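In the working numbering, each residue's number is its place in the sequence shown (first place is 1) plus 2.
There's no promise every hint is true.
As the list claims (entries may be wrong) - Straight-line Cα separation of at most 27 Å, DSS-like style, residue types lysine-lysine; simulated pairs: (1) 70 to 34; (2) 112 to 34; (3) 70 to 80; (4) 80 to 112.
In case anyone wonders, no lab produced these hints; they're calculated from the structure. Keep in mind the model is a prediction, meaning the values are calculated, not measured.
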Amino acid sequence: MRENQQAPQSAEGEAKVVTLCGSTRFETDFAKVSQRLTLEGCVVISLGMFSLPDPADCGWAADSSDLKERLGALHFQKIRMADEVYIVDPGGYVGESTRREIAYAESLGKPVRYLSRERLASVPADDRR
3 MRENQQAPQS AEGEAKVVTL CGSTRFETDF AKVSQRLTLE GCVVISLGMF SLPDPADCGW
63 AADSSDLKER LGALHFQKIR MADEVYIVDP GGYVGESTRR EIAYAESLGK PVRYLSRERL
123 ASVPADDRR
């Protein structure tokens with residue numbers, strides 16, 4: 003961020019809180035987006051894990067289907083906490099879970115941004131082939 007550039011802010015004047023959503027297969031892209039938004043002055047909320055642990059190794063989970071359901075509910079809470087939702091969608095890929103998260107964010111009136119659309123916007127029109 004440049005010296006004279008202000009960090010993105012929420013309506014309350016605090017740093018903007020951004021929740022990342024997208025497929026767990028894009029772990030590297032999540033890290034890059036998180037770093038960029040953090041350097042821009044945002045508070046970034048991301049996924050807590052990119053693969054489910056073995057239920058035998060996770061004492062508080064009875065089975066992986068229950069764990070997946072609870073993690074989904076936690077991510078909806080992260081969306082409620084956000085000023086904005088950022089979709090990590092390299093190549094425009096949005097899976098079923100991410101589509102549900104987008105619909106939920108929109109139902110709450112949260113602005114939704116997409117990584118794939120920002121990349122296109124940053125490429126001159128002549129180079130978009």
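Hints, verified against the model:
1. 70 to 34: The given pair, whose Cα atoms are some 25 Å apart, holds under the 27 Å limit.
2. 112 to 34: 22 Å, holds
3. 70 to 80: 15 Å, holds
4. 80 to 112: The hint holds at about 12 Å.
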